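Using the hints provided, position chain B relative to the given structure of chain A.
Residue numbers (my numbering), protein chains in the order written: chain A, 744 to 1208; chain B, 30 to 364.
Keep in mind that the hints were calculated from the coordinates and are not lab data. Quick caveat: nothing in here was measured; it's all calculated off a predicted structure. Mixed in with the good hints, there may be bad ones.
[As the list claims (entries may be wrong)] Coverage of chain B stretches by chain A, computed from C-beta distances (three or more under 8 angstroms per stretch; other residues unrestricted):
id : region
1  : 89-100
2  : 170-183
3  : 195-203
4  : 305-312
[Unchecked claim] With a straight-line Cα cutoff of 16 angstroms, these simulated EDC-like cross-link-like pairs (lysine to aspartate or glutamate) come out:
id : chain 1 : residue 1 : chain 2 : residue 2
5  : A       : 1037      : A       : 967
6  : A       : 974       : A       : 1002
7  : A       : 893       : B       : 100
8  : A       : 1037      : A       : 975
9  : A       : 1059      : B       : 184
10 : A       : 1015      : A       : 930
11 : A       : 844       : A       : 816
12 : A       : 974       : A       : 1034
13 : A       : 835       : A       : 851
14 : A       : 1203      : A       : 1171
15 : A       : 1104      : A       : 851
16 : A       : 1015      : A       : 851
17 : A       : 1203      : B       : 115
18 : A       : 891       : B       : 100
19 : A       : 1203      : B       : 184
20 : A       : 835       : A       : 1127
21 : A       : 1203      : B       : 107
22 : A       : 1079      : A       : 958
Yeah, the Cβ is synthetic: ideal placement off N, Cα and C, and Gly gets one too.
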Amino acid sequence: MKSVRREVRRRVLRERTGGRAGAPRRAWGAAAAVAVAAVLACAGCSAPGAGKSATAGTQSFITEPVTTEQVADLGDVTLRMWADQAEKPLMKSVVPAFEKKYPNVTVDITYKSFDDLIATVVNAASGSTPPDLFQGNIGYAVDGALVKAKLVRPLDDVAATYGWLTGTGASTLAPARWNSAGTAFGDGNLYGMSPISEVQGIYYNKALLKSLDLEPPQSLSDLEKDLPVVKEAGKQPIMLGNSDQYAATHIFSDLAVTEQSPASISDWIGGKAGTTFATTGNEKAADTMADWAKKGYFGSGYDGLSNEDAIARFAKGSGAFFVGGSWNGAKLDPEKFGFGALTTGGAGATASPWHIAASSKATPAAVAFLAALHTPEAGQEILDTGRLPVVTDGAKGANSLQSQTLDVLKRTIAAGTQVGYYDWSATDMLSVMGGRLQEVMAGRTSSAAFTKAVQDSWRKARESE
Amino acid sequence: MSTVAPARERDTAPTPTGIRRSSRPRRHLTSLSWSSLLYVAPALAFFAVFVVYPIGISVWYSFYAYDGLTEGTPVGLDNYTAVFTDPDLRAALLHSLVLLFFYAALPVAVGLLLAGAMSRIRVYGLTLFRALLFVPQILSSVVVAVAWRNLLAEDGPVNALLRSVGLGRFTTSWLGNFDTALPSIGVVGTWVEYGLCMVLFLSGIVAIDRSTYEAARLDGAGAVREFFSITLPALRPQISIALILTVTFALRNFDLIWNTTRGGPGTSTTVPSLYVYQDAFQNRMLGRASALAIVLTVVILAVVVAVQLLLRERDGRGRGLLRRGPVRPARKVQP
Chain A
744 MKSVRREVRR RVLRERTGGR AGAPRRAWGA AAAVAVAAVL ACAGCSAPGA
794 GKSATAGTQS FITEPVTTEQ VADLGDVTLR MWADQAEKPL MKSVVPAFEK
844 KYPNVTVDIT YKSFDDLIAT VVNAASGSTP PDLFQGNIGY AVDGALVKAK
894 LVRPLDDVAA TYGWLTGTGA STLAPARWNS AGTAFGDGNL YGMSPISEVQ
944 GIYYNKALLK SLDLEPPQSL SDLEKDLPVV KEAGKQPIML GNSDQYAATH
994 IFSDLAVTEQ SPASISDWIG GKAGTTFATT GNEKAADTMA DWAKKGYFGS
1044 GYDGLSNEDA IARFAKGSGA FFVGGSWNGA KLDPEKFGFG ALTTGGAGAT
1094 ASPWHIAASS KATPAAVAFL AALHTPEAGQ EILDTGRLPV VTDGAKGANS
1144 LQSQTLDVLK RTIAAGTQVG YYDWSATDML SVMGGRLQEV MAGRTSSAAF
1194 TKAVQDSWRK ARESE
Chain B
30 MSTVAPARER DTAPTPTGIR RSSRPRRHLT SLSWSSLLYV APALAFFAVF
80 VVYPIGISVW YSFYAYDGLT EGTPVGLDNY TAVFTDPDLR AALLHSLVLL
130 FFYAALPVAV GLLLAGAMSR IRVYGLTLFR ALLFVPQILS SVVVAVAWRN
180 LLAEDGPVNA LLRSVGLGRF TTSWLGNFDT ALPSIGVVGT WVEYGLCMVL
230 FLSGIVAIDR STYEAARLDG AGAVREFFSI TLPALRPQIS IALILTVTFA
280 LRNFDLIWNT TRGGPGTSTT VPSLYVYQDA FQNRMLGRAS ALAIVLTVVI
330 LAVVVAVQLL LRERDGRGRG LLRRGPVRPA RKVQP
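Bound-form chain A, shown alone (with noise of 0.2 angstroms):
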């Protein structure tokens, strides 16, 4: 206390010769207070996270489908769900369905948009009270810290169970597959189902096409032969909308998926120790990019431009095709637009997978929900909702674009070409890959350096793992 008052004294003689420092020195308390905390809260000093011992808890094994009465077991119980906004449509229908078939069962759903999702859901499931059922996302940010920490059930017994490894859809399963420390996936035990597939693909304006003369293109070849009839005649060929930085780079994949193996892809992806994206292939379709950029194919502004916003103007009627996913064709008008194949069917993957937490205690009633998604009756009304479906038996396309997209993805999954998304590799490939790339497309950096820096991140990435 007395050598307190000895300093306050000292300051005040400072103050009174004029010596001051106000702010300043407030600001240097405030550090102090700062340094005091961070001394205090590290008193314990043990490592960050290290009493959350996850309680994988005894894991009952399904070997025949959950029954009514094994749900009604459960007594009075909710069901609680995260899901992306874009599964509203679907559940609208599954869930009172559901609700009919098993009475004691009340579901609630948290809906969120898909970056608020994918930014919040895994801290939820590290919760007290995580969510029974929850969608993640490919990759090792979402669904690669879920399996590290174990937090979500294997469903490897359930996919058995419902016949989920054969028939139209048991090659969807596998981005959900990881090793058990969650740094592979691709190959391993099943953590994670979706309904919804995704296919990439060409969306065309039908009118602009028939008045320059040109065929619906079937393959990647047909638009190239294509995109120079288009520029001549003074129309955008290509409408691209980057500045998320991620369009882009699904039209680079669909090109460099004609330069190699399929496989050879989803192994990188997957991150396979040996494998590189130093590719002859890669450095070629990275090329083509750069080509079809300054050839004006994409026309100019595009980096300032939202994919959002570009699907807008292609909806519109400028420019003669888009090339991207199927998620885009619900904003466009089936009579106007048609959807073309990429050369081998083209690149693609599911949608965020479905999980259920380890801890749950209505696994049941969560596995009889998985199981409703995953039947012919949901797939159509997922066609029917504007999106692929997983289990296509069936399934009818309501218009001609729908019917195509429906194709489009069979063939896909015939030719083995759906092979994922190249920034499910890293969690900051995204904006590594998408970043280079409008890089090369600029012609400020050239394709080899690009696959070279792709690479480095991946590198680093497995690295840390």
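Relative to the frame of chain A, chain B by itself:
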């Protein structure tokens, strides 16, 4: 806030600092008594729980490789060395320096100009203008970003305006061009911040004694002379506050950039706080994100302290500047 003393008191003040300040330290002493501590306890507790403790946690995390879920591993100072050796981060820091000009220097300059003009010219509906010019400051930054994204688009109003006045060759996709993206975001920041500066300066000008202006006018000072000799020196404390606010805004700026360019095209608009967000929420590298955030905080503190040291008034310096105004013209009139 001893620095915000009214301007008049200062320029007339021959009072020795010692006398005027002597009452303050005594108050300082009594503030240490326990009963007065009790009054500030609730605020102090709030501050400790929601400010000091989280900062402490960040400092703690910064020494670990931690994904937020599984047990972290201590890595010593590795996270900090990563911060200082990453070339991408260095580029981001350079971008921040460019933004400092647009987010801090320009708004203060524009704000001074506007405040100077508004104080001199009688404007009808002044309150309305003042409110309108302040609007950018109260808009949510997401709204600002979306609005400007449309204004600066390839086919947006800015380019339309350029075309209509025959400057069509200067049109570009402002936020999508490697060379114009950063200055464009800078201009958005200027637009957001100048209103705040202006309102601050106007409130400062109101506090200036009108008689000093009258005296200056009698001595033959023009508008410019008046501005530099009276208004500017008297606004020193407001300028200091404006700079602290705008500099902080510039260095921790994230939402405007995230909602306009996400750091692109390429890496032409990346800033340190963008990497803090990406590391913490996308890459699940909480240790590195914390280290970067702490370095950023220290940098901001250092800049703020530097601004305060540069602009503080002490001893003769501040008053000397003031004296130069009214006194010298007076001599001119005499002979």
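Going through the hints against the structure:
1. 89-100: Contact hint for the region 89-100 of chain B vs chain A: holds, 10 residues under 8 angstroms.
2. 170-183: holds (count 4)
3. 195-203: Holds, because 3 residues of the region 195-203 of chain B bring their Cβ atoms closer than 8 angstroms to Cβ atoms of chain A.
4. 305-312: holds (count 4)
5. 1037/A with 967/A: Holds. Residue 1037/A to residue 967/A sits at ~14 angstroms (cutoff 16 angstroms).
6. 974/A with 1002/A: 25 angstroms, violated
7. 893/A with 100/B: OK: residue 893/A and residue 100/B at ~12 angstroms, within 16 angstroms.
8. 1037/A with 975/A: With a Cα-Cα distance of about 14 angstroms, the restraint between residue 1037/A and residue 975/A holds, given a limit of 16 angstroms.
9. 1059/A with 184/B: 15 angstroms, holds
10. 1015/A with 930/A: 10 angstroms, holds
11. 844/A with 816/A: 14 angstroms, holds
12. 974/A with 1034/A: Measuring from Cα to Cα gives roughly 14 angstroms; hence the hint holds.
13. 835/A with 851/A: 12 angstroms, holds
14. 1203/A with 1171/A: 11 angstroms, holds
15. 1104/A with 851/A: 15 angstroms, holds
16. 1015/A with 851/A: With Cα atoms ~39 angstroms apart, residue 1015/A and residue 851/A exceed 16 angstroms; violated.
17. 1203/A with 115/B: The given pair, whose Cα atoms are some 13 angstroms apart, holds under the 16 angstroms limit.
18. 891/A with 100/B: Holds - the C-alpha atoms of residue 100/B and residue 891/A are around 11 angstroms apart, at most 16 angstroms.
19. 1203/A with 184/B: 40 angstroms, violated
20. 835/A with 1127/A: 12 angstroms, holds
21. 1203/A with 107/B: Measuring from Cα to Cα gives roughly 15 angstroms; hence the hint holds.
22. 1079/A with 958/A: With a Cα-Cα distance of about 14 angstroms, the restraint between residue 1079/A and residue 958/A holds, given a limit of 16 angstroms.
This entry does not satisfy hints 6, 16, 19, going by the numbered hints stated previously.
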